[in-house]
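Chemist: Taken in order, these protein sequences are the chains called G and W.
Residue 327 is where the first sequence ends in the numbering used here, and the numbering goes up by one at each step.
Residue 327 is where the second sequence ends in the numbering used here, and the numbering goes up by one at each step.
Simulated from the structure, these hints should not be mistaken for laboratory data.
Being a predicted model, the structure only gives us computed values, none of them experimental.
Any given hint might turn out to be false.
One copy or any two copies: either way a pair holds, since identical chains are not told apart in the list.
[Said to hold, decoys possible] In silico DSSO-like links for lysine-lysine, alpha-carbon gap of 27 Å or less:
1. K138 / K26
2. K138 / K128
3. K128 / K304
4. K304 / K289
5. K293 / K43
6. K236 / K25
7. K43 / K3
Number of protein chains: 2
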Amino acid sequence: MNKTYSIDALHQKVELAINALPLTKKPQELYEPIRYSLAMGGKRIRPVMLLASCNLFNDNVEDALNAAIGLEVFHNFTLLHDDIMDNAPLRRSKPTVHTKWNNNIAILAGDTMFVKASELVMQCDDSKLREVLETYHKTAIEVCEGQQLDMNFETINNVSIPQYIQMITLKTAVLVAASFKIGAILGGALPEDAENMYHFGKNLGIAFQLQDDILDVYGSPDKFGKQIGGDIISNKKTYLLLKALQIADRYKKEELANWIFAPKFDAIEKVQAVTEIYNYLNIRELAKKEFEKYYVQAFSYFDKVLVSEERKFEILSISRSLVGREE
Amino acid sequence: MNKTYSIDALHQKVELAINALPLTKKPQELYEPIRYSLAMGGKRIRPVMLLASCNLFNDNVEDALNAAIGLEVFHNFTLLHDDIMDNAPLRRSKPTVHTKWNNNIAILAGDTMFVKASELVMQCDDSKLREVLETYHKTAIEVCEGQQLDMNFETINNVSIPQYIQMITLKTAVLVAASFKIGAILGGALPEDAENMYHFGKNLGIAFQLQDDILDVYGSPDKFGKQIGGDIISNKKTYLLLKALQIADRYKKEELANWIFAPKFDAIEKVQAVTEIYNYLNIRELAKKEFEKYYVQAFSYFDKVLVSEERKFEILSISRSLVGREE
């Protein structure tokens, strides 16, 4: 009989393993912010996806647990450094590390987390070590490149849609892709299945980010978990804004630009006005169409993976619930 | 016949390999500061030591070249982040990355260098991969801990000599130790020889830092390469200052404290006055004695390494010239 873990069971394994990490070493000034950062929670999507992907090919997921936690520590390291760069005061409604302590502590705690992540990722079978590390390092570089592109976009006025897709691919999607691929490798998948899982994750990650862009404007406040219109208020170059700027006529473009460059504004009024421009331009439907493209592509890769439908059930349902949230 | 490379020949190999690193990728905002950081120069001590250590046990050093460059990239990453934390405007007389660009660029370029370093370090034989990476990660964590201790010391008034030795061990010495050890592993050394090389490097690194503390006060300006008395001006807790605070009587301690806490002072006058207190307390001789202890210990470990004297000649002479600089 096949042993397929439920997503909840995998999630529990991940939480237990994170809580069991030996992070009480000295100097405590270094390890306390690391414990704080990892205890902030979050959905633990990446390690759960890694284990679920491993479980597609293997009944035993224990041997993949360290690598899974490693990717979560890596993800939290990137959040920690990104929060410094973005000057973000809060994450998940709690003070960010650089706010609670200071920038220096946040830089160094992040660096240390990155080493810890690498140590965890390499706790896998010798025969898979090099391939796992190559995927991990390639992805880590890409995530840095994505963050740089995101920072560049803040001062570039004519970001194109393909440039935007490239940025979110690097900054967000490749880490989901790597989680799936590393899980598959550790589960003993055939190379083509591991590759298909990578592309499943990459397209799913892009779809997820596009959905996040849509929900920022059209989500329901209690389900979205963030402030509705936050991207509009901060002039974030999301798919919606870039598409609007691309297709708007001279007058609508000027109207949008007036809001973007307004030195002072009422937040509610701005969100309302920009949303009305989006509605006029049918941006929500266009964004959904783009989302659909990646969503369908994602599952077309998953379909190719040579594993029984029964075995695929858990990963299918979590993926669908992640990128099919109710608005 | 044995093939022993001269230190100069190894240095040249290192420079060529660093120049050949593929760092012209996009986004250029990320890769330009990385090229700048690596082109700043420096003595390339760590990669040269790694290759020399490999060459003790093996005629072929080519297979260790990537790991050697990896440690140099890692070292430069730590300098880059340390410079942000220390608010240092210059390094090797050139503007630091965060000064020439900005903090965000410096954080992200550093992160990327760290990944590149790890990618290079793992370019070694499969049979040695895990051991090399374990040494590398353990060392990387320790370097972060050392930097944290160094930052802690800025606000602690009663740093003890053992605490200081622990800090310089972590911040400086273990990376020299790891260079020797990884070189030995890649050269095919026996485990006990690799361990002896580690302790040789660790003690050498501590001796090197103690000598640096002495030269800051007693070096000749043209040979030292830094401003004489720089540590005194900035109240840096060096071995000399900590020893002086430890052995001074009430009156001399007060005299020292007055200079340390003086809100305004003439730099030349301060350096002269503190140096005179050091002279009165015989600090130079005491520091030299401490230096000697680690220097002798270093070479006692090197003596145990089971390799011919002829083969040891190059590494012996570079080590002696590094920690036996004329004042």
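Chemist: Against each hint, give a clear statement of whether it holds in the structure.
Modeler: Verification of the hints:
1. In the homo-oligomer, the alpha carbons of K138 and K26 lie at most 27 Å apart only across protomers (14 Å), although the nearest pairing inside one protomer, at 31 Å, exceeds that limit.
2. Within a single copy, K138 and K128 get their C-alpha atoms as close as 16 Å, and across copies as close as 21 Å, so both meet the 27 Å cut-off.
3. Proximity of K128 to K304 under the C-alpha cut-off of 27 Å is restricted to the intra-copy arrangement: shortest distance 23 Å within a copy versus 37 Å between copies.
4. Taking identical chains as interchangeable, the C-alpha atoms of K304 and K289 lie at most 27 Å apart only when both belong to the same chain, with a minimum of 23 Å there against 70 Å between chains.
5. For a Cα distance limit of 27 Å, the shortest separation of K293 from K43 inside one copy, 25 Å, qualifies, whereas the shortest one across copies, 53 Å, does not.
6. In this assembly of identical chains, K236 and K25 lie within 27 Å of each other by CA distance solely across copies; the values are 26 Å between and 40 Å within a copy.
7. Taking the shortest Cα distances, K43 and K3 sit within 27 Å of each other inside one copy (24 Å), while across copies they are farther apart (57 Å).
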